[in-house]
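Sequential numbering from 61 applies to the sequence shown in this note's numbering.
Bear in mind the hints are in silico, worked out from the structure with no lab data behind them. Note that the coordinates shown come from a computational prediction; the quantities given were computed from them, not determined experimentally. Ideal Cβ positions, reconstructed from N, Cα and C, are used throughout, including at glycine. Do not rely on the hints blindly, as some may be mistaken.
[As the list claims (entries may be wrong)] Computed spacing ranges between beta-carbons, pair by pair:
no.: 1; residue 1: 283; residue 2: 211; range: 20 to 28 Å
no.: 2; residue 1: 305; residue 2: 110; range: 47 to 55 Å
no.: 3; residue 1: 278; residue 2: 202; range: 18 to 26 Å
no.: 4; residue 1: 139; residue 2: 278; range: 24 to 32 Å
no.: 5; residue 1: 143; residue 2: 278; range: 23 to 31 Å
no.: 6; residue 1: 85; residue 2: 269; range: 41 to 49 Å
[Said to hold, decoys possible] Okay, derived cross-link-like pairs now, DMTMM-like style, lysine to aspartate or glutamate, Cα gap no bigger than 20 Å in a straight line:
no.: 7; residue 1: 245; residue 2: 179
no.: 8; residue 1: 219; residue 2: 181
no.: 9; residue 1: 81; residue 2: 62
no.: 10; residue 1: 275; residue 2: 62
no.: 11; residue 1: 245; residue 2: 262
no.: 12; residue 1: 89; residue 2: 303
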Amino acid sequence: MEYSLTVYHLYPDLLNLYGDKGNIAVLEKRCLWRGVNAQVKTLCEGERPDFSGVDIVLLGGGSDREQLLVSQYRDVVAQPLKEYVESGGVTLAVCAGYQLMGNFYEANGERIACFGVLDIDTVSGEGRLIGNIAVEATLGGRSVTLAGFENHGGRTDIKTHTPLGRVRFGYGSDGSGTHEGVVYKNTVATYLHGPILPKNPELADYLIETALERKYPGAFSHGLIPLDDTMEMRAKEYLIRREMEARGL
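Please model the complete structure; the sequences and the hints are all you need to start from.
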């Protein structure tokens, strides 16, 4: 049987500040290496969304200006995106994409209405939260350490949502250094970028496996074909070890 996944990249013409096309490339390659056909379609400015047949959605990062531009499409995107997420659709929302998934983003006294898919609120604080970050997370029942880079002025209140994980070092969603991101159904929202998936093959495989299991129930109950991630894991371990030593942790 041939397997395929369709990845939907939302507004790559606006939200690609942190190399989010690298996340697309990782999903494509890790599917290809396992014999899974990965097709990528995009939603750009002025186009009407079509989530039919979509298996993974990516919403990337951008500046406040780009976030404001994307928020203007709320009336056409919010409801179908919410329906997709509520139905268990796999989604990765990064940085500005994370904020856009919430109720609003407030900066300089102006409140921007976002998509309202997640019950989270973001308010810009004093100073930007910048630096490497590591997060202890659980994905698909497996404990993993995610590493990335954060650069955000927003402080996100995740309310009753489940965080993606516990911060080992870094600022996290609200700047407290306790928790980072959100996991809701099959959606992962996070401030980690750089881009995130090349540094964290476990997260890429979680998205792929979850999407395949949703599309082909039972066909991947034994998991994905393992890949050799030695170099990626060594790079991540080095980054984390260097940061821990520098911080005296």
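These are the hints, each one checked on the structure:
| no. | hint | verdict |
| --- | --- | --- |
| 1 | 283 to 211: 20 to 28 Å | violated, 34 Å |
| 2 | 305 to 110: 47 to 55 Å | holds, 49 Å |
| 3 | 278 to 202: 18 to 26 Å | holds, 19 Å |
| 4 | 139 to 278: 24 to 32 Å | holds, 31 Å |
| 5 | 143 to 278: 23 to 31 Å | holds, 25 Å |
| 6 | 85 to 269: 41 to 49 Å | violated, 18 Å |
| 7 | 245 to 179 | holds, 13 Å |
| 8 | 219 to 181 | holds, 8 Å |
| 9 | 81 to 62 | violated, 25 Å |
| 10 | 275 to 62 | holds, 12 Å |
| 11 | 245 to 262 | holds, 18 Å |
| 12 | 89 to 303 | violated, 29 Å |
Going down the numbered hints, you'll see the structure goes against 1, 6, 9, 12, while the others check out.
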